[in-house]
Amino acid sequence: MEGVMRTDAKMRTESGAESSPRGPGCSLRHFACEQNLLSRPDGSASFLQGDTSVLAGVYGPAEVKVSKEIFNKATLEVILRPKIGLPGVAEKSRERLIRNTCEAVVLGALHPRTSITVVLQVVSDAGSLLACGLNAACMALVDAGVPMRALFCGVTCALDSEGTLVLDPTAKQEKEARAILTFALDSVERKLLMSTTKGLYSDAELQQCLAAAQAASQHVFRFYRESLQRRYSKS
Amino acid sequence: MLKSKTFLKKTRAGGVMKIVREHYLRDDIGCGAPGCAACGGAHEGPVLEPQPLDPASSLCPWPHYLLPDTNVLLHQILRVWRPGTWASVASSLRLPGSLETYVEQEQGENANDRNDRAIRVAAKWYNEHLKKMSAENHLQVIFITNDKKNKEKAIEEGIPAFTCEEYVKSLTANPELIDRLACLSEEGNEIESGRIIFSEHLPLSKLQQGIKSGTYLQGTFRASRENYLEATVWVHGDDEENKEIILQGLKHLNRAVHEDIVAVELLPKNQWVAPSSVVLHDEGQNEDDLEKEEERERILKTAVNEKMLKPTGRVVGIIKRNWRPYCGMLSKSDIKESRRHLFTPADKRIPRIRIETRQASTLEGRRIIVAIDGWPRNSRYPNGHFVKNLGEVGDKETETEVLLLEHDVPHQPFSQAVLSFLPKMPWSITEKDMKNREDLRHLCVCSVDPPGCTDIDDALHCRELENGNLEVGVHIADVSHFIRPGNALDQESARRGTTVYLCEKRIDMVPELLSSNLCSLRCNVDRLAFSCIWEMNHNAEILKVRFTKSAINSKASLTYAEAQMRIDSTAMNDDITTSLRGLNKLAKILKKRRIEKGALTLSSPEVRFHMDSETHDPIDLQTKELRETNSMVEEFMLLANISVAKKIHEEFSEHALLRKHPAPPPSNYEILVKAAKSKNLEIKTDTAKSLADSLDRADSPTFPYLNTLLRILATRCMMQAVYFCSGMDNDFHHYGLASPIYTHFTSPIRRYADIIVHRLLAVAIGADCTYPELTDKHKLADLCKNLNFRHKMAQYAQRASVAFHTQLFFKSKGIVSEEAYILFVRKNAIVVLIPKYGLEGTVFFEEKDKPKPRLIYDDEIPSLKIEDTVFHIFDKVKVKIMLDSSNLQHQKIRMSLVEPQIPGISIPVDTPNMDINEPERKKKKREK
Numbered sequence: 001m002e003g004v005m006r007t008d009a010k011m012r013t014e015s016g017a018e019s020s021p022r023g024p025g026c027s028l029r030h031f032a033c034e035q036n037l038l039s040r041p042d043g044s045a046s047f048l049q050g051d052t053s054v055l056a057g058v059y060g061p062a063e064v065k066v067s068k069e070i071f072n073k074a075t076l077e078v079i080l081r082p083k084i085g086l087p088g089v090a091e092k093s094r095e096r097l098i099r100n101t102c103e104a105v106v107l108g109a110l111h112p113r114t115s116i117t118v119v120l121q122v123v124s125d126a127g128s129l130l131a132c133g134l135n136a137a138c139m140a141l142v143d144a145g146v147p148m149r150a151l152f153c154g155v156t157c158a159l160d161s162e163g164t165l166v167l168d169p170t171a172k173q174e175k176e177a178r179a180i181l182t183f184a185l186d187s188v189e190r191k192l193l194m195s196t197t198k199g200l201y202s203d204a205e206l207q208q209c210l211a212a213a214q215a216a217s218q219h220v221f222r223f224y225r226e227s228l229q230r231r232y233s234k235s
Numbered sequence: 001m002l003k004s005k006t007f008l009k010k011t012r013a014g015g016v017m018k019i020v021r022e023h024y025l026r027d028d029i030g031c032g033a034p035g036c037a038a039c040g041g042a043h044e045g046p047v048l049e050p051q052p053l054d055p056a057s058s059l060c061p062w063p064h065y066l067l068p069d070t071n072v073l074l075h076q077i078l079r080v081w082r083p084g085t086w087a088s089v090a091s092s093l094r095l096p097g098s099l100e101t102y103v104e105q106e107q108g109e110n111a112n113d114r115n116d117r118a119i120r121v122a123a124k125w126y127n128e129h130l131k132k133m134s135a136e137n138h139l140q141v142i143f144i145t146n147d148k149k150n151k152e153k154a155i156e157e158g159i160p161a162f163t164c165e166e167y168v169k170s171l172t173a174n175p176e177l178i179d180r181l182a183c184l185s186e187e188g189n190e191i192e193s194g195r196i197i198f199s200e201h202l203p204l205s206k207l208q209q210g211i212k213s214g215t216y217l218q219g220t221f222r223a224s225r226e227n228y229l230e231a232t233v234w235v236h237g238d239d240e241e242n243k244e245i246i247l248q249g250l251k252h253l254n255r256a257v258h259e260d261i262v263a264v265e266l267l268p269k270n271q272w273v274a275p276s277s278v279v280l281h282d283e284g285q286n287e288d289d290l291e292k293e294e295e296r297e298r299i300l301k302t303a304v305n306e307k308m309l310k311p312t313g314r315v316v317g318i319i320k321r322n323w324r325p326y327c328g329m330l331s332k333s334d335i336k337e338s339r340r341h342l343f344t345p346a347d348k349r350i351p352r353i354r355i356e357t358r359q360a361s362t363l364e365g366r367r368i369i370v371a372i373d374g375w376p377r378n379s380r381y382p383n384g385h386f387v388k389n390l391g392e393v394g395d396k397e398t399e400t401e402v403l404l405l406e407h408d409v410p411h412q413p414f415s416q417a418v419l420s421f422l423p424k425m426p427w428s429i430t431e432k433d434m435k436n437r438e439d440l441r442h443l444c445v446c447s448v449d450p451p452g453c454t455d456i457d458d459a460l461h462c463r464e465l466e467n468g469n470l471e472v473g474v475h476i477a478d479v480s481h482f483i484r485p486g487n488a489l490d491q492e493s494a495r496r497g498t499t500v501y502l503c504e505k506r507i508d509m510v511p512e513l514l515s516s517n518l519c520s521l522r523c524n525v526d527r528l529a530f531s532c533i534w535e536m537n538h539n540a541e542i543l544k545v546r547f548t549k550s551a552i553n554s555k556a557s558l559t560y561a562e563a564q565m566r567i568d569s570t571a572m573n574d575d576i577t578t579s580l581r582g583l584n585k586l587a588k589i590l591k592k593r594r595i596e597k598g599a600l601t602l603s604s605p606e607v608r609f610h611m612d613s614e615t616h617d618p619i620d621l622q623t624k625e626l627r628e629t630n631s632m633v634e635e636f637m638l639l640a641n642i643s644v645a646k647k648i649h650e651e652f653s654e655h656a657l658l659r660k661h662p663a664p665p666p667s668n669y670e671i672l673v674k675a676a677k678s679k680n681l682e683i684k685t686d687t688a689k690s691l692a693d694s695l696d697r698a699d700s701p702t703f704p705y706l707n708t709l710l711r712i713l714a715t716r717c718m719m720q721a722v723y724f725c726s727g728m729d730n731d732f733h734h735y736g737l738a739s740p741i742y743t744h745f746t747s748p749i750r751r752y753a754d755i756i757v758h759r760l761l762a763v764a765i766g767a768d769c770t771y772p773e774l775t776d777k778h779k780l781a782d783l784c785k786n787l788n789f790r791h792k793m794a795q796y797a798q799r800a801s802v803a804f805h806t807q808l809f810f811k812s813k814g815i816v817s818e819e820a821y822i823l824f825v826r827k828n829a830i831v832v833l834i835p836k837y838g839l840e841g842t843v844f845f846e847e848k849d850k851p852k853p854r855l856i857y858d859d860e861i862p863s864l865k866i867e868d869t870v871f872h873i874f875d876k877v878k879v880k881i882m883l884d885s886s887n888l889q890h891q892k893i894r895m896s897l898v899e900p901q902i903p904g905i906s907i908p909v910d911t912p913n914m915d916i917n918e919p920e921r922k923k924k925k926r927e928k
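Same order as they appear, the protein sequences are chains A and B.
Here the first sequence stands for residues 1 to 235, numbered as in UniProt numbering.
Here the second sequence stands for residues 1 to 928, numbered as in UniProt numbering.
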């Protein structure tokens, strides 16, 4: 898989369409993450993927509204705020995808009748927004110390009209793509937590994308580990 | 897949839904040409003919297929398409080889342009495709379009294209097709010199605004039958202000056609007019006689007193046209070789229509169907086109077809789907049928009907019980057992609403198997029935009533005459006869009681034709005779209907189907009261009872027929009885029968209302299960509306049929003179009734080519003074009846005055063409 990805990366650099630099041996754009940058929430993180950036804050476990109370586990809420304007249908859809992913890993049963709220603020959208939002949410949850079964990350793949696979596409690549597939994967078993797709693709292409995403997730998780290590070793 | 589109949608619950739309193109549609290798397997459905027929077009002499564009197809195909001429219709409906011919909408291109382009691409594809298939055949596809731009573009792209008109004109083999082209070409309509006759119709948006603000009123346009320059508009809206607005004069009618929904503007009060009593028919052959028209309009406006004035208005716009194809005849133009002719519809309320045809000579004297295409502002008449030739005028079948079409009577044979719900033959009563059903086969039941009746829906019995009381049963055919709610048979019957009886034909509401066999209560066979059984004492007082589904076996089917004979003959004493006598005795008591309560005995001249058994031509004509037995059956039917009405209303107060007969407004009686006053009689009209009484008293020893005449006139004053749903109305009273509640239960074979009543009653007594539509009062109200309409139309069709047969009768009889009574006096005519034939007709006093007599019309009495003779209502006159064949438009019975003699008006008695000397003799007698 690595080989494939590398050739992909090469092809893209050759075509010159890529604007943001990508790390060696990794077809993903450059990552950056900063944790605990907000004082009010219980945990916060800002995640950068190329020029895409999402700021996340986590509140909880905290008191829950009676109407939303679940008797045997914590109520998870995800709010995604666009850069400008009010959240629309697209945001609602993403919120739901992120919430489903979080629910799959957060051990909500440890905090029954509480609420855990993840607020995501889009800072800039330059492609693969959902994946970036997932990553930011995960890092913020970690920062807040919410117990989780595993970490998770989001990876977006795009297939262009010739069938070439592009990982972590930019906005331009997304626009030109024939299909866009976003996966959420967990850190323990590398299993799929969530997937959403748009456009046309074959069975084989889906498998190919999934494999590529799994491979790419290793890089993300390695990055998580490194950034956390850096943070905790400092203090 | 062609393309897919994904988008998100918010659901009502606040969730989000992802919707994916995918477009696919079919690759399995063949070109339709048989033997085409390229699309070999892809053929299915209709195919093109291997060798197109009809190459007789002078524009393209080689064999070709036609590819009409959508507009041509929509507007023309029904008119032009005859089997064999347009071979390619099927294939043009679905564009073949869709992968090659798919066309995507371009930016800035509207849907129509895209469709046009798609058709052009298809035409091009076809031509290339056919060339590939068989180069030597030289098959070609010709593109037919009426759109100029489309045609230009097609020719640019190398597709042979013609307009529909060009192509049809080039068809040398079928010249008559050109007439069938809907006349759409604008240039063709510029007949008149552009002189604008009518004011412009306002656009719909303005009309709606006006209606909302109250400046305009919306209503149904109803042209007058008697005067083509007058019409009324029934303003829709709340019942209490159901206003009627009069429109007078061509310009105010402003191109509205009978039944259109129009917007009218009320004129200021000083321009209001009274409904004129002039009879005017549009006879002008030259359409430019506007001056004459104006003069005619002036005739209408005569000085009348203030209170006669009614709201008057003018049409400002048409909200909805209600045009349909009209039956009628062609009035051939006087100009030789002219292709434009006027068409005179059979319905006098429809204006004449101008059509273009080259086959005027073949169409002359035939009944044809014409459709209206439009009515330009500068044209006196609407433009239309020829649709169908029905047949020779005066031909019985043609005329029957015409009157059925004109009265919107559904008369097609029953469809296969409908017939599939009929019970399988041979049919017999099974165990299952007997569930919830009483076995009354042992009772001595018999039916009494007019001779030749095959749809017997009622039978009666009467027997003495052990306690000395009488048991009377009315047994009605159980049609609802066979017609189950909701199926195709039920829907078709509901649509037809009623059986229509014409003079020589019956248009059944239910298929014949049911109407004349399984449901008909014939004698000596087991039949299912719905029985209404009373226990009565000898004073005909009802002690008990019960309803039950039953099985009966009628012992005899009698005619009225036979039953009467049995009752009268002392020799007969069998069960049936005693039963009949018992019934007759009770019926007399019932009738007396009913009349005491104020039921009206009205009269209308009903005639019956004696038909020749072979040619079905009428050979004699007689007014219907009424026997005691007629009223005996009638009495028990009324009783059954009333009992059932009470029962279903008790059970279903909100959705019982009932029949009411509203009391007429007092103004309706004006004419009757005036007429009676002229004979020094007084008619009281405050209640039904006083009306009935005063009618009974109105007798003149010197004039025995007067009473009948008054009753005929009283009938005309009545309102129409209507079906209604009890939940939608609160006035149930039946005025004519003086019953507080009434319904129809006794003729389910020929009336759909009865079937519904049967179902309601069956549910009420627990003999059948209910269904949702039965208890939906809005659905019932809709049904009532249709039934009322169908009943009205059936009545009109019946009258029209009688009128036609009367014509046939007088045709064979020649010219006759008969005594007649004046029924109405009009401004320029009198309406007379000939009692001998029950025939009504109009005698005109103004004729086209004769000097106008001096006419003085007095509205108050009413009377008409011609020269020195005064005509009053009910005056006895003598008229000559003849079939007016001079005017083939509408063959009609023409009546002219013979007596009293008015020089210059009445016809001299001794005209040589009078074949009967009788009137002359009589006249001499009087002169002595």
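Do not rely on the hints blindly, as some may be mistaken.
What the hints assert, rightly or not - Calculated pairs, DSS-like style, for lysine-lysine (alpha carbon to alpha carbon, straight line, at most 25 Å):
id : chain 1 : residue 1 : chain 2 : residue 2
1  : B       : K660      : B       : K792
2  : B       : K18       : A       : K83
3  : B       : K212      : B       : K169
4  : A       : K175      : B       : K792
5  : B       : K505      : B       : K597
6  : A       : K175      : B       : K5
7  : A       : K83       : B       : K243
8  : B       : K10       : A       : K175
No lab work stands behind these hints: they were computed from the structure.
Next on the checklist: Under the constraints set out in the numbered hints, which ones does this structure not fulfil?
Outcome noted: Violated: hints 3, 4, 5 and 7.
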